[in-house]
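J.: If you want the building blocks of each chain, they are given just below.
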Amino acid sequence: MPHIALPEGLPGITGGFAFRPETAKPMRELAHVLLHGPGTLSPGERELIATRVSSQNDCYFCQTSHGAAAAAHLGKDFDLVDRVKRDFLEAPISDKLKALLVIAGQVQMGGKHVSSESVEEARRRGATDLEIHDTVLIAAAFCMYNRYVDGLATWQPRDPAMYSSMGEQLATHGYIANETLQPA
Amino acid sequence: MAFRPETAKPLNELVEILLHAPNSLTPGERELIATYVSSENDCYYCQTIHGAIAAASLDGDEALVKKVKVDFENADISPKLKALLVIAGQVQKGGKHVTAEHVAKARAQGATDIEIHDTVLIAAAFCMYNRYVDGLGTFQPRDEDMYRERGKRVAREGYVTVSKEYLPATVS
Numbered sequence: 001m002p003h004i005a006l007p008e009g010l011p012g013i014t015g016g017f018a019f020r021p022e023t024a025k026p027m028r029e030l031a032h033v034l035l036h037g038p039g040t041l042s043p044g045e046r047e048l049i050a051t052r053v054s055s056q057n058d059c060y061f062c063q064t065s066h067g068a069a070a071a072a073h074l075g076k077d078f079d080l081v082d083r084v085k086r087d088f089l090e091a092p093i094s095d096k097l098k099a100l101l102v103i104a105g106q107v108q109m110g111g112k113h114v115s116s117e118s119v120e121e122a123r124r125r126g127a128t129d130l131e132i133h134d135t136v137l138i139a140a141a142f143c144m145y146n147r148y149v150d151g152l153a154t155w156q157p158r159d160p161a162m163y164s165s166m167g168e169q170l171a172t173h174g175y176i177a178n179e180t181l182q183p184a
Numbered sequence: 185m186a187f188r189p190e191t192a193k194p195l196n197e198l199v200e201i202l203l204h205a206p207n208s209l210t211p212g213e214r215e216l217i218a219t220y221v222s223s224e225n226d227c228y229y230c231q232t233i234h235g236a237i238a239a240a241s242l243d244g245d246e247a248l249v250k251k252v253k254v255d256f257e258n259a260d261i262s263p264k265l266k267a268l269l270v271i272a273g274q275v276q277k278g279g280k281h282v283t284a285e286h287v288a289k290a291r292a293q294g295a296t297d298i299e300i301h302d303t304v305l306i307a308a309a310f311c312m313y314n315r316y317v318d319g320l321g322t323f324q325p326r327d328e329d330m331y332r333e334r335g336k337r338v339a340r341e342g343y344v345t346v347s348k349e350y351l352p353a354t355v356s
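If you read the protein sequences in the order shown, they are chains U and F. The opening position of the first sequence corresponds to residue 1 in this note's numbering, with each subsequent residue numbered one higher. The opening position of the second sequence corresponds to residue 185 in this note's numbering, with each subsequent residue numbered one higher.
Note that these hints are calculated values from the structure, not bench results. Each residue gets a CB set at the ideal place from its N, CA and C atoms; glycine is no exception. Don't take each hint at face value.
To be verified - Selected chain F positions facing chain U (Cβ under 8 Å, derived; list incomplete): (1) F187; (2) P194; (3) E197; (4) V275; (5) G279; (6) I300; (7) V304; (8) G319; (9) L320.
Unchecked claim - No farther apart than 30 Å at their CA atoms in a straight line, the calculated lysine-lysine pairs in the DSBU-like style are these: (10) K98(U) <-> K277(F); (11) K277(F) <-> K112(U); (12) K289(F) <-> K266(F); (13) K98(U) <-> K280(F); (14) K277(F) <-> K25(U); (15) K253(F) <-> K112(U); (16) K98(U) <-> K76(U); (17) K25(U) <-> K336(F); (18) K266(F) <-> K112(U); (19) K280(F) <-> K85(U); (20) K85(U) <-> K98(U); (21) K25(U) <-> K348(F); (22) K25(U) <-> K266(F); (23) K96(U) <-> K193(F).
Said to hold, decoys possible - Going by beta-carbon spacing under 7 Å, a handful of chain U positions derived as facing chain F: (24) I4; (25) E22; (26) E29; (27) L30; (28) V107; (29) V114; (30) V136; (31) A141; (32) M144; (33) Y148; (34) L152.
Chain F on its own, in the form it takes in the complex:
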């Protein structure tokens, strides 16, 4: 991100709208979708930082975050979120894997069109962020406390605000 501020700006703005801005899905629910997709893509950095932001948004419930990554169908989350995670998992495999049945099931659990749209785009966007992070071979420290602290900050302040610490003022 710091290497290329011109692309960091829209990348941070997109994630801010998708995960942090007001939405009928809570930030915790949206961070769980991002964490699950990042886990499916095996991106250590993304699943750990977004897992930490999810936990910070969910009263520090790290056990729930772990459960969603390994077995969301049996996690203590709403049937609507489970149906949206199914859609997110299909997007991770490829856009054409999403079927009308998956979408109908999410709707039957109360998901709105904009929630389905945002789920598809969160999953698609993390197929980008994950590839960007791993494709450049970035440094990904194994220090869970670091992620935990940063997760709390991002949950509180959002992505664009936190990005200002590493982006020049003119573009952030």
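Isolated chain U (complex conformation):
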């Protein structure tokens, strides 16, 4: 049961968003810019970063919804999403994305864990300053979203079909359209 009286029937972050629309607005906009807006990293790559950080933070709702969004961007490749969560260094993704996932994992532990070596390595693999910035901020933002979702003890159904359709919707429309149904 949620810690506070969140509106019923809204899974995960959508319950918090409906409870407090004032904070929902910038939180949605931030997710939209980071994950769905124009960028040199593909939306699928950015969703993989969000999914991996949410998995490290053990947030069921976020890793499942963003995993589904990543899969929707990546030809429904749920197996790839699982491999990135479990062992991204061995997953069939670019060396640049691997280096960025290393940085994201360090941000998850704490900002000071990001080393100049890991940033140099990402640069050697072709990452730009903007890509490094966005990776740090995606990882940091999911340290917020994950804590928000679990810290309120939101309702997180175990229904793969629900997450799959949510993922499709997020991949298509992003995070600021159709406001009541979408997670960040």
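Dock chain F against the given chain U, drawing on the hints supplied.
T.: Chain F only, in chain U's frame:
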């Protein structure tokens, strides 16, 4: 922030609503929560600037801000704020650390659902801001007077207004 105005906009709007906009928790109380979490995350810039904004909102009481960072249970603050700081400290460790007991204790001290919600989100948001600031290896000057002066300005004018000095007009 200035490097990426597109993300600075929602980041500034979120902190404005959480810490500066009208609320049943005072700006000083909310800044103390932000300062405490930033201190737990060992972020020098965030704990110093938000500590300065908290002090500016609390008649310049810098000693109270320091006490809250090191030992809030024995600080001169309300039992309700102490119970909310316990929740904030749990969020800092991870969302699942918040238990029904922590929430019940805050409620017993008079905290409302929206105050509990905002405490969880302030703590969660500072787990983001702190990581963003330290994760990029930003320049964090050690000049307490600079933070003190800026703290007074932000306490007076809010985050969105002050951000206009470094963001292009089209996005701020």
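J.: Does K253(F) pair with K112(U) here, judged by a C-alpha cut-off of 30 Å?
T.: 20 Å, holds
J.: Given E197(F) was flagged as interface, is its beta-carbon under 8 Å from a beta-carbon of chain U?
T.: 4 Å, holds
J.: Hey, K289(F) versus K266(F), does the alpha-carbon distance stay inside 30 Å?
T.: 10 Å, holds
J.: Does the interface hint hold: is I4(U) within less than 7 Å of chain F, judged Cβ to Cβ?
T.: Holds - the Cβ of I4(U) comes within 7 Å of chain F, reaching about 4 Å at its closest.
J.: Taking only the CA atoms, is the gap from K98(U) to K277(F) under or equal to 30 Å?
T.: Holds. K98(U) to K277(F) sits at ~26 Å (cutoff 30 Å).
J.: Given the hint that K280(F) pairs with K85(U), does the C-alpha gap stay at or below 30 Å?
T.: 20 Å, holds
J.: Quickly compare the C-alpha distance for K25(U) and K266(F) to 30 Å and report which way the hint goes.
T.: At roughly 29 Å apart (the allowed maximum being 30 Å), K266(F) and K25(U) satisfy the hint.
J.: The hint names L30(U) as touching chain F; please verify it with the least Cβ-Cβ distance against 7 Å.
T.: 4 Å, holds
J.: Keeping to a limit of 30 Å between CA atoms, is the pair of K85(U) and K98(U) held or broken?
T.: Satisfied, since the Cα-Cα distance of roughly 12 Å is no more than 30 Å.
J.: With chain F as the partner, please determine if A141(U) meets the hint condition of a C-beta pair closer than 7 Å.
T.: Status holds, d = 5 Å.
J.: Go through the hint on V275(F) and say holds or violated, using the shortest Cβ distance to chain U against 8 Å.
T.: 5 Å, holds
J.: Against chain U, is G279(F) within 8 Å by beta-carbon distance?
T.: 3 Å, holds
Against the hints set out earlier in the document, no violation occurs for any number.
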